[in-house]
Structure formats: C-alpha cells, structure tokens
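**Q** Dock chains B, C and D against chain A, hints included.
Chain by chain, the residues run as shown.
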Amino acid sequence: MKLTSLVRKILLVDLVKGLKVTFHYQPPSEAITEQYPLERPVIFERFRGQPRLNSNPDTGESLCIVCNLCALACPEQLIVVKGERNPATKRKEVVSWTYDLSRCMFCGLCEEACSTDALELTQDYEMALYSREGMVLDQAALERGQEPERYAK
Amino acid sequence: MSERTDYLDLDTKDETFLDATELVLNMGPQHPSTHGVLRVILKLDGEKVLGTECVIGYLHRGVEKIAENRTYAMFNPYVDRMDYVAAVSNGLGYCEAVEKLLNVEAPPRAQYLRVILTELCRIASHQVWLGTHALDIGAITPLFYCFRDREEVLKIFEKYCGARLTTHAFRIGGCIYEAYEGFEQDCKKFCDAFLPKLDEYEELLTTNRIWGERTKGVGILNPEDCIALGVTGPVLRASGVKWDLRKAQPYESYKDFDFEIPTGLNGDTYDRYLVRIEEMRQAVRIIRQAVDGLPQGPIMAKVPKVIKPPVGEVYHSIEAPKGELGYFIVSDASTQPYRVRVRPPSFVNLQALDKMVRGLLVADVVAVIGTLDIVLGEVDR
Amino acid sequence: MGQNYLVVDSSIAYEILLRMRQDELFDYCVDITAVHHPKREAQFDIVYILYSFHHNQRVRVKTQIKDGERLRTAVEIWETANWLEREVFDMFGIEFDGHPDLKRILMPDGWKGHPLRKDYPILQQDQEWVHINLGIESGQ
Amino acid sequence: MIEYIKGYLSTGTTPGEAGNLFWATIYILLVIVGVSVAVLCMNWLERKILAHMQIRLGPMRVGPHGLLQPFADALKLLIKEDIIPQDADKLVFWSAPVVVTMTAFTTFLVVPFGRTHAVTDMNIGVLFMLGVSSLGVLGIIMAGWSSNSHYPLMGSLRSSAQMVSYEIAMGLAIVSAVLMTSLQTGTGTLSMIGIVEAQASQHTWFIFKFFPLGFLAFAVFAIAMVAETNRAPFDLPEAESELVAGFHTEYSGFRWSLFFLAEYSAMLAVSSIAVTLWLGGWMRPFPSLLGGPAWDMAFSFLPALTFFVLAAGCFLGTIRMPKIPQFRVQTIGLGTFGALLGLVGLVLLVPAVSVRVQDIYWFVVKVAFFMYLYIWYRGTFPRYRFDQLMKVGWKVLLPTGLGVLIATALWGLMPQLSAAITGVLQ
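Chains as they are written, first to last, in the numbering used here: chain A, 1 to 153; chain B, 1001 to 1381; chain C, 2001 to 2140; chain D, 3001 to 3426.
Excised from the complex, chain A in its bound form:
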C-alpha cells in the first residue's frame, strides 16, 4: 500500500489525473458561454423583471382600481398611486402612477398584493439605462412595457 502510493507519487499520478480533467473539457461543445445579444437567455415564466400595468385586452381600460395595496406592500415605498373617483362611473381612476425602478429590488410583494392582476413583473430583463431619470416609470411607460434598445443594425 505504502509502496503503491510512493510509486504513484513519483509517477505524478495525481497531477496527471487533474490534467486529464482539464484536457477533456476542451472541445468547443463543452463551452457553456452564452453569446448574449445573439443568444437570448431562457427566461422562465415566474421571472420577476420589468413591471407592467396590464389593461383589459377587450376594452383597453386599465385594470388598476387604485386600491393602493401595492404601494402599501412595497418595502421600498417606491410605488406612488394617485387616483380620483370618477363621478360618472363611480369608479376610481388613475391620476398618476409612478414606479421607481432604480430602487426596486424585484421582491414581488406588489405583484402579490395586487387584487386585480393589474401590476405584473414580466419576463423582460433589459432594464439598464444611462441615467437615473428614465428609471421612474409613469403609467404610460408601465403599460407600454419594455422597449429594449436594439443594438443590432
């Protein structure tokens, strides 16, 4: 036993074993790099990304009923919803809706609090901007969703 281990030590078996591992990983097919703008990463359904305000697809009306639950649930208090009761329909309507993306930590608590599925964290993930100003999203931007800058010509 002692002898075999000595022989193995002299023959550098341990080092050769390591070399073998790195050697057989060389074929390009083993590479796991994603060439990002060309290859888009797979985003799963539950991903919490860019927020979006949904509207009713039939009527185009916003689903938001200005209940303010999301604003209350937000740990960072970055959602500000102001609404007014419309005398005609007796329903509250959105006056201003802002979402400060720069402070958001995508915990999903607002999405869970929303009682009408109006606020949703979508699968869009390309949120980087050159300035902080663009990070405060208003209702129009939230309803439009993400329009990532196209780097391709």
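Be a bit skeptical, because a hint or two may be false.
[Unchecked claim] Below, simulated DSS-like cross-link-like pairs (lysine-lysine); rule was C-alpha separation at most 30 angstroms, straight line: (1) K3395/D <-> K17/A; (2) K3391/D <-> K1048/B; (3) K2039/C <-> K1065/B.
These are computed hints drawn from the structure, not numbers from a lab.
Bear in mind that the values here come from a model prediction, so they are computed numbers and not experimental data.
**A** Chains B, C and D alone, transformed into the frame defined by chain A:
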C-alpha cells in the same frame, strides 16, 4: 479616509533602515482574494504573519435598523441581501423566527419544499466557496466548473420563485409559490448530474499534491478554540465537533431525513474542504429523500394578512451553509418588529482569522480567508 | 424549545455568566446584543444568548442597564464576545469594562452617534464625517 | 541581389560564424519580429485554450473568434496613460522593463532554429543562454524595489529566491545533457548547434538516451523551467490572489506590456533550450527509424499540410459563423485569413522553400508543444506556497539532478570502466 496608525501596536521607536523587521501590509479592501471588501492589516516579519487585524464595515447597510422601520412581511426580501450566495437560507431563518413568534407552523408540503430549496442553496453556496477558495490557492479552473453546476441550481430557483440570487422564496407561514411542473424531475436530474461533477472537482483538487500541501496543516483550529470563538458550521465540524443544528435541534422537516454529519479530524483547511465536499453529497441525499417524500396539501399556513405578533421575543437559528444563522426578534405587538438582531455566522467565524493565521505565511492568509467561507454582505450587514 | 431566559440584575450579571459557563456548561456564546427601550429608566436590555453542547440547550441571559452605565466584559469567559461586544458598543454606545479593544467595528472610526438607538432616525447620518472623509455633502 | 542571397544561403553557416554583419542584423530583426509575433499568437492561444479548458469561449468579439484581440490589447496598452507612482525610484522604475525585455530577447541570439538558422553559433551557447536569461531576475528585482510598494517588493523577493534555487537544478540537468554530447567524439560541446548535431550523430534524442536518465534530466529541466519563468504552478512572484499582481503591480500601459512580452519570450527561450537539448532541436521525428528519401519527402509535406489544416479550420469557421449582417465583415475576414494561410501552405509546397523551412517548422512545433504544456499547467494546478516551492527545488529537484548527472557520467564511462575493471581483474 482618516488616517489611523494605532491598528497594530507597532514598535517604531528604533526603526532604522536595517532593523525594520516588521512590515505592515494592508490587504484590501480592494484585493483579489478578500471575497469582497474585507480589509485585513497584516503585521509581517518577511512573509511570516505576526498578527492581523480585520477592518470590516465597508458593506454596512444597517439591515437591523431597516428592519425596525418595515413590517414583518416587508423585511423578508432584505434578509436575502445579507448572505447573498445563500439567500434562501436567510429567508428560511427569518420566516421561521417570525412563525415562532406568531406560533404558527408551516404545512408539511411547505416544509418539504423549504428543505429542498435550502439544501439546493447549500450546494450553490458551497460551490461558490469551492470555486473561490480554489481560485485563492491558484487553481483557476474549478471556479468555472463550479459555476457551471451552480447555474443548474439557480435555474431551479428561477423557475420556482422567479429570481436567481436574491430569491425571496419563502413567506411567513409557508411558501407562496407552488412547485412548478417538473420541479421534482429537475431536482432529481440535478442530483444525478451533480455527483459525477463533484468527483471531477475532487480529481482536480483532493488528491492533488499541491492542493494537499497548501491546505493540510494550514489554519488549524482545535475544538476548544472553535467553541470559545463561537465558530460554527463546517469550520466547527472540521475540528471534530459533531454538531449540526439540523440534527441537534431539528427545524422544518429535517428529522424526517436520513443524513450524516461529516466531521474532520485535524481542523485544518484540508479537513474543512473535505467536510464541505461531503456536505454537498449529503445535501444531494436529503434532496432526493425530500423530493421522493414530497407530501400533498396546502403550502401556506393560516397567517393574518397584517402580521402583528404578540409582545414577546424569540431567538431562532438554523444551520446556514456558513454556520449558525440566528434571528433574535423582539415584538411590541405592532406591525413592525421592535428589534431584529441577526446572528451572522460569517461575522463570528471571521473573528477566528487572527488565531488561525498567526505564524503562517501570507499565502496562507488567503487560503484561510477562503476556507472560513465568509460573505461580506453578512459580515457587515 | 430553546426560548428559556433569565433576567438578572446588572450588578451580578458577570457572576451569573461565569456560573453559566463553568457550572452549567454553557460553553458557547451564540450572540450578545442589546435592545433599546428609550422610555424606560434602564434603557438597555443586554441579551446574552448562550448554548450548551452538553445539554443541547439554549438560554438567554438578560440584564438591564441605564444609559451611560458600564458592564463588565464577557471576553474573559468567551473569546467570541470580543467582536460581539464591539458591535453592541458601536450600535448602542454601551461600554464594556475590561474589553481589550473596544472601538467601532461596523461604522467608520470617528462617526458620531449610535445607529441602533431608537432616537437615531433611519435617515440620519453624520454629515460632518461624510463631508470630511468623502468630500461630499450627503452620502444619501 | 538574388545571386547574393543565394550565394549566402548556400554557405551553410550561421551569419555569426561567417562573420557577416549584414546578415546577422537581418537575422536579429527576423528573430525579434518572429518572437514578437509568437508572443502575440501565444496571447491569443493562451486565452483561447485556457478558456476552452474552463468551458468558456474566450475572446470572441474582436475579429472572428477574437483573432484580433492581441492587436486590440496591444493598441490599448500603447495608448494607455503611463503612470509612474509618486514615490517610485523613477530611473530604476523606468529601466526595469527595459532590462527584462532586453535579456529576454538577447537569449534568442544562440537559439538554433535550424542548422543555419541561428544568429550565431557560440561555443558556449548554453552557458550564454542560461546566464543571460537569469539576468532577467535583475529586472524583476528592480521593478519590485523601485515601485516602493509592499506587494511588488514581496513579489520580487520571491522571484529572486525562486530563480536562484531553480537555476541550480536547471544547470545540473543541462550538464547531464552536455555530458551526453561527448559520448562518441570524446569531447563535449556547449554550442547549441553542436548539441543538436551530437544527437543527430548518436541517432537519438537525448530524452531517450540512457533511459530513464535522459528522461529524468529532461523532467527536472521541464519542472525547473516552469519555475524559472514564474508560471503556474510556480507563479508566486505574481500570485494574483496573494500579491495582487506581484512585481508589476504598479506598472501599467506600455511598461506593463514589456513585462508581458518578456515573460512570454522567456517562456519561448527556455522551451527552446529544452527542445535543443533533449528533443533533437530542428530534427524531424524518427530521422533514422523512418529514414530514406521517401520518408524525407513525406515529412517535407508536413509544414504545408499544417497550414492547409489551419486554413480548412478557418473556412469551417466561416461556415459556422452566424448568418446575420453584423457578422459579414468577420466572416469575410476569417475567410481571407484562411485563404492567406492556404497561400502560405502553397508556398511551402515549393521544394526550395520547404527544404529550408523544415528545420524551423519542426523546431516551432516542438516549442509549441511546450507552450501548450504551460497553458495546460496553468489551467489545472493550484499554486505552491513559497516554502513548499523552495522545498521542491532544493529537496527534490536538486538531488535528482545531481543523481542523474552522476549516473549519466558513470553510464557514459561504462566501456572505459568495464575495461579498467577487467584489466584489474586480469
């Protein structure tokens, strides 16, 4: 920054050009292998370490103060940001502590889901540790293999709760996300694929003579020192103390599973490496058992919408990948916790650094920092 | 389980802790922390969370002190108390007698105020320190 | 002019031997350009091979498959701000990279790329190479000391200790190879060309001579040379995770690139020594086993064939490029590069060229093998600690080298010894 010279009691009175034997080396906060913004001031004689002092707090965000100004549910995502490589464990500890305060218990299915995710997270955390630890010692390649396999864990996290790193996976009272379709298969597939990969890491490191020489006998901590310094987790177990909160004070459904607690003999860096590698194997074992025995049923206990625990205080701790992660919560019957104290394993373990590196060489300092497996987000909170 | 605690007077706190360590074999000091109750006369609760490997038991030892009162350090009993007490000092301003190296640990040296006291608002910062050391008006 | 070149080429000597200053200058320029190009290639290859070992792709954006990355890097380094630390010793700081680069290039004076493809053939060639290449450590110490910073200082101290201890083991291994040259002629040689010719006349590479003695000496040298060039797993002077960047922590821009250049050319230089001493230098494999004009003919096609294979690889790459407009330039570029390589291959088919280029080709192939080993080691092994490195040097390599040297001498003297013993017995 304000200059301080009294970090180490340097004997400067008769320091001339020739007998200036002591060298003060400032390692960090910007240094490749301090795992974040740790600053270690080393007092050296040549390359031999005479003493160290850690300067921490560069990543201090006042998590405990934030907790006092948030409701119980709102604070949940913040704990993910402490030990950001093992966010799921942090969330588990916090949710359980609040549940204890509320005197509710998560339903069995939620408990199993929590166990599966926490053990996956343990694997992910240990893989980050292994990769960076090997990188510190000069082997650059294991890092990439580890991250490749960790990616599979993160994919499961993303599919399950929508985030990869700061997961916010659990809620007070259970889990909010039901296991997605194919969750069991994904976990099993990962377990099957992961074990051969683990053998591969071992081929690269365990038997390698350079790895052995760099880690064996380096940074020895004996059990008495470990206990006196409050060191927990794999570091304690590598010193031969068979103590794991999952067995000692089982929480969640850990008592249902059959697994071993690996311990070391010498308490050196090599033993800590072996203990963590074995822990990954045991985690795979737990995941397999939990996936097979995943019960049906609700995943959320009855918890009021507005969480208002009775007046009281609770200390609850879990076995995080780094050690004992405890939450001490004082409630004054309002919606916000009166005081949340986090007992971070990295912070306490880091204290052992000085004892471990005295008399070693500079190269060992990085090996020891690596083997302590600290995350500065947790040290500084 | 594990939620036992005992409240002791600050004058005998050290002796009790020593007893706990030596006679009751609570050999592992899990955590030392404090809670601030500004409305009480004895403003601070100091909480020692102890664990015994022999009994697999956890216990909390609590003692109350007034602002400015000093407590004897537990470093001689458990080495781990060193940084934990430093953190309590840093966050609450409670000083420990006989501590080998009592200075700020998380906040920068020279910072004014102790952030985890209840009278320290969440948005407050040491403007002067920020101005001197970072050269900016506000760190926020 | 052509007549003159032809006339010179037919002399069959190195310019140094011929005392031809003009040709020597040309050769020196060729060597400098060649080494620089090799370093550029190494830069790309190292990043690519290492990346693939680490299941990455490596540079992919600058040029097709990152082929232009070394040029982009070089350009970036050239136009980068040149920073000299305030407290640095300016003169020493300035001269350190120059010293390192100069010594690294000077060693190539005696490297025999072929029978006539060397700048000069010194009769103390090996000594010259060893001596000059160990001067490089001076530059490293200068860099470390003049930076006036702890990390570079520690890096350079480590470097000097390391070089001193491994130089001895290296020297012993070299001496045992030099001893082997004296076997048939009775007089050994230190000339690099002479050593290769000795291998040719003994019909064996020295690595197989006196098996396993030749191999052992080679192994000692192969380990020592990795340590000598500060490469993984002996890269302590620039141990990234401990000393940030070691002796060149404070260097940036062009000065840093000089260190880079020097490191890689030193790697090439010591590999050249190894190739010359143990792997038959410019000789093609199996010159005696697979001898004869037919085999000569077959082997002479290999250089061209290599280029054709590379060209084919490029064309394959163009086919596998993503078919989108943004990649059109890259695809065309890769195709052109492939065509260029194919053209070189065609030129190499011309008998007159192929005969002259063969030597260089085999030499480069052997050196390239060592370069691959360097990268492979770096991708696999952890780093030694300082004291362990010393232990390996003094307690393992030095005794082995010494033992091999004595054993080689005894084995070489075997005929005389046995004659003497039988004489005594009779």
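**Q** Next step is simple, just say for each hint if it's right about the structure.
**A** Verification of the hints:
no.	hint	verdict
1	K3395/D <-> K17/A	holds (24 angstroms)
2	K3391/D <-> K1048/B	holds (17 angstroms)
3	K2039/C <-> K1065/B	holds (18 angstroms)
Of the numbered hints listed earlier, not one is contradicted by the structure.
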